[in-house]
Amino acid sequence: MRPAVDWQPAGDYSDIRYELSGDGIAKITIDRPEVRNAFRPQTLFQLREAFNRAQDDPEVGVIILTGQGDMAFCSGGDQRIRGDDGYIGDDAVAEKGIGRLNVLDLQMQMRRCPKPIVAMIAGYAIGGGHILHICCDLSIAAENARFGQTGPRVGSFDGGFGSGLLARQIGQKRAKEIWFLCRQYDAATALDWGLVNQVVPIEALEEETVQWCREMLELSPLALRMLKASFNA
Numbered sequence: 015m016r017p018a019v020d021w022q023p024a025g026d027y028s029d030i031r032y033e034l035s036g037d038g039i040a041k042i043t044i045d046r047p048e049v050r051n052a053f054r055p056q057t058l059f060q061l062r063e064a065f066n067r068a069q070d071d072p073e074v075g076v077i078i079l080t081g082q083g084d085m086a087f088c089s090g091g092d093q094r095i096r097g098d099d100g101y102i103g104d105d106a107v108a109e110k111g112i113g114r115l116n117v118l119d120l121q122m123q124m125r126r127c128p129k130p131i132v133a134m135i136a137g138y139a140i141g142g143g144h145i146l147h148i149c150c151d152l153s154i155a156a157e158n159a160r161f162g163q164t165g166p167r168v169g170s171f172d173g174g175f176g177s178g179l180l181a182r183q184i185g186q187k188r189a190k191e192i193w194f195l196c197r198q199y200d201a202a203t204a205l206d207w208g209l210v211n212q213v214v215p216i217e218a219l220e221e222e223t224v225q226w227c228r229e230m231l232e233l234s235p236l237a238l239r240m241l242k243a244s245f246n247a
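Numbers given in the working numbering equal positions in the sequence shown, counted from 1, plus 14.
You may find that some hints are simply not true.
[Unchecked claim] Quick list of in silico lysine-lysine cross-link-like pairs, DSS-like style, CA-CA up to 30 angstroms:
(1) K242 to K187
(2) K190 to K242
(3) K242 to K129
Calculated directly from the structure, the hints in this document are not laboratory data. In this text the structure is predicted, and so the values were computed from the model without any measurement.
Make a model of the complete structure from these sequences and hints.
What follows is the structure in structure tokens.
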């Protein structure tokens, strides 16, 4: 994937990267490629902090959410730390043996964020990672992108936006197919179903995504904010 911007680091995190373009774009990258960018509670805490930074920064007009590398956007929750009542982190709450399902907090934050969020997807967007891209306002995918849900295979289901919002986007029948069969779908199918906005060769993914962001930066931020609130009402 060719870098389209000289991204400048703007935060210090263990699980993510927060970078700025210098012309109004913030890029948030899930940086756990060793587990195909699966998230754990700490990842979600850091994502929420990064989205807050982008939302509160008057110099940022559009936000990109992506995953590190070409293999995965996000593969959902890190199953290695899944407990009976959620995911076990490494903070004081986790020391008491209490699990968390705090991805819903992130999903709600993304929906309520007044600035457009664009998913930049290479490789797998599976399970909870698939739901994160559903919660983004726009999705640009590489030709190698793969989409799908896995919850019912492991006795799990989505308690947030992954079912209802998906049905609003692509219709009840297709949404139920995705959840009830747990198949994986390629980028061309996702585009045909309206699950993504554009599919490009992987080497052009960032360039295309940045171009979409820059087009939005030329528009009224207040108008975009009100439109997003209306769409998500």
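Hints, verified against the model:
1. Using a Cα cut-off of 30 angstroms, the hinted pair K242 and K187 holds, with the two alpha carbons roughly 25 angstroms apart.
2. This hinted pair checks out: K190 and K242 have alpha carbons roughly 26 angstroms apart, not beyond 30 angstroms.
3. Straight-line distance between C-alpha atoms of K242 and K129 comes to about 8 angstroms, which keeps the hinted pair within the 30 angstroms bound.
Hint compliance for this structure: every hint is met.
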